[in-house]
Amino acid sequence: MRPNAKLIIAFAAGVLATLLVWLLVSVLPHRAGQPTPTSTTILLAPTTSPAQAAVSTTTLSTTPVPTGRGPSAFTTTSAPGFIQVIVEGARCAGFVGDGWQVRYRVTNAGPTDTGSIVGQVDDSPPVILEPARQLAQGDSFAEEALLPGGGDAIVVTWVGQVERVASFPIEVPNCPTDPADERAAEQATTTLGAP
Amino acid sequence: MRRTSTGLAALILALVAVPAVRPAEPAAASLGSAYRDAHLGLQTGAVVVMSSGDISPPTNETKVDDHATSEIILAAHPDLVLTLGDNQYETGSGAMFHSAIGFDGSWGRIKGLIRPAEGNHDAADPGPGSPGFQEYFADNLANLECTRLNPPCRPDLGYYDFDLPNGWYVLVLNSNCGRAGGNTGDVQTPACGRGSAQLAWLGFAQQRRHGGQHSGQKCSIAVWHHERWGTWFFLDDPATHEFWLTLNHFHADIVLSGHTHSTARTGPMTPQGRLAAAGGGIRQITAGAGGRSLSPLRLNVPRVGTRYRNGSKYGVNRLVLTSSTSPAGWQGGTWISEFDYADGTVADNKNSSAGCWP
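Protein chains in written order, with my numbering: chain A, 1 to 195; chain D, 1001 to 1358.
Simulated coverage check for chain D against chain A, where a stretch passes if three residues somewhere in it have a Cβ under 8 Å from a Cβ of chain A:
hint : stretch
1    : 1052-1062
2    : 1098-1107
3    : 1288-1297
No more than 25 Å apart at the CA atoms, straight line, and that leaves these computed lysine to any residue pairs for SDA-like:
hint : chain 1 : residue 1 : chain 2 : residue 2
4    : D       : 1111      : A       : 182
5    : D       : 1350      : D       : 1074
6    : D       : 1063      : A       : 148
7    : D       : 1313      : A       : 118
8    : D       : 1111      : A       : 183
9    : D       : 1313      : A       : 127
10   : D       : 1063      : D       : 1312
11   : D       : 1063      : A       : 183
12   : D       : 1313      : D       : 1343
13   : D       : 1063      : A       : 145
14   : D       : 1313      : A       : 148
15   : D       : 1313      : D       : 1301
16   : D       : 1063      : A       : 95
17   : D       : 1313      : D       : 1074
18   : D       : 1313      : A       : 157
19   : D       : 1313      : A       : 124
Per label pair, the in silico range of CB-to-CB distance:
hint : chain 1 : residue 1 : chain 2 : residue 2 : range
20   : D       : 1204      : A       : 78        : 49 to 55 Å
21   : D       : 1126      : A       : 148       : 23 to 29 Å
22   : A       : 105       : D       : 1111      : 43 to 49 Å
23   : A       : 109       : D       : 1195      : 47 to 53 Å
24   : D       : 1079      : A       : 186       : 31 to 37 Å
25   : A       : 184       : D       : 1074      : 24 to 30 Å
26   : A       : 146       : D       : 1163      : 47 to 53 Å
27   : D       : 1111      : A       : 126       : 34 to 40 Å
28   : D       : 1336      : A       : 187       : 40 to 46 Å
29   : D       : 1204      : A       : 80        : 51 to 57 Å
Derived by calculation from the structure, the hints in this document are not laboratory data. Bear in mind that the values here come from a model prediction, so they are computed numbers and not experimental data. Note that CB positions come from ideal geometry on N, CA and C, so glycine has one too.
Start from the sequences, fold in the hints, and give me the full structure.
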């Protein structure tokens, strides 16, 4: 029995030492304020289905680690001024290049202003979503409009006579590729070097 | 038996501690002028490397800025071109990669010089293993020496390494962490973290490259798509924290990334995202203005460590890499970085007078 007891004690000591080392190695980075490197957080990807909502439905798992890869990673603050423009969501309008159905909200806590609402995808030319609108004091409205184009981010801007206010840029979901566009791309394939 | 258990603990300690524990920062005094003079006097063979990511718009969009950036490279005659991911939008379709109005019609003109990295849009191609990307770049990724080593690199999964003729060393990693693990989409999973095959390979590759030492054998560049330190549109991306930690341990010099459609350079950064003491840290160069589009600004206040950033121009990064060997046999070198824009301007010409991190 004695040899077995020694064996067990030695084995237990080895396991404890290993656990202690592992614990130290795992804990040290936290003290430096680093994100948990061993976390297995999964940020579900925004859907690419045009039938489903997009940015606003990005879902975090129960133990989120900020990834910096989605709009939920940002803490936004109000723009200075009476008028606020918030993009509440965007979903694919169809295939790549067709743009997004953008849902936005505009509020006005200041004097009446008259202007238009403009949307922009990345550095593409701005598109007028609403040509003319009056915004009285206390007004708040939400609209959904088609913003055509392709890119990664959208900005909606109130262009008023009193104020010009842009929304926080929101990342939009990838949209599926139209099979017809793929066929068209194939037809443009070069065949240099063919006999 | 006691000796056996102690030995087991020591072995596990060695296996666990090597990739996880950062070495002490090198003393600034060790990077003095004597070291630099000894190296700079022996420079040999400059290698010009040009790079960008976020390149070719989907073929149904009438944008040609990727053509403009490829013209910059064609005119510069570099030795090597590194693509930093998101080569072909929107979903890395093989048909669009090969199209004369897609990647092949612009950057495809310099395809023979390219070593590619995968981006999230490349990985969005339906099917296992980014089929459009892998098929288009099959020749570029074939017969890599690292595939014959043990453990092998996995260019089919987006990570591999190679040497440049003048002794610089390049690592390409896959920051599509979910995709590398067999999932889909732009998500954070352990595929870039501890326990992942990719990170284990990175540790082995670095130790192999350094002959068991943590530094002093070369100057090195690492490449992956998602920038670690947010410079324009995205926040910091901790999904690649372990990459930076390991590379910092082995004194890598430059990380090239994209994802944000803009250009930037940071000073030498620690794994904690702060500026490193003199002689330490890794520079991040972001070149994501390759042609797809330009991102709007979200980070109004530049991140700590940001030395330069621009979001209004399409362009590429140009690195001139030199090397030298000290009388003691240590390899070192210097680098010069600049951004070459499609409008003909050049910005942020940075000469690393201190050379590589020894």
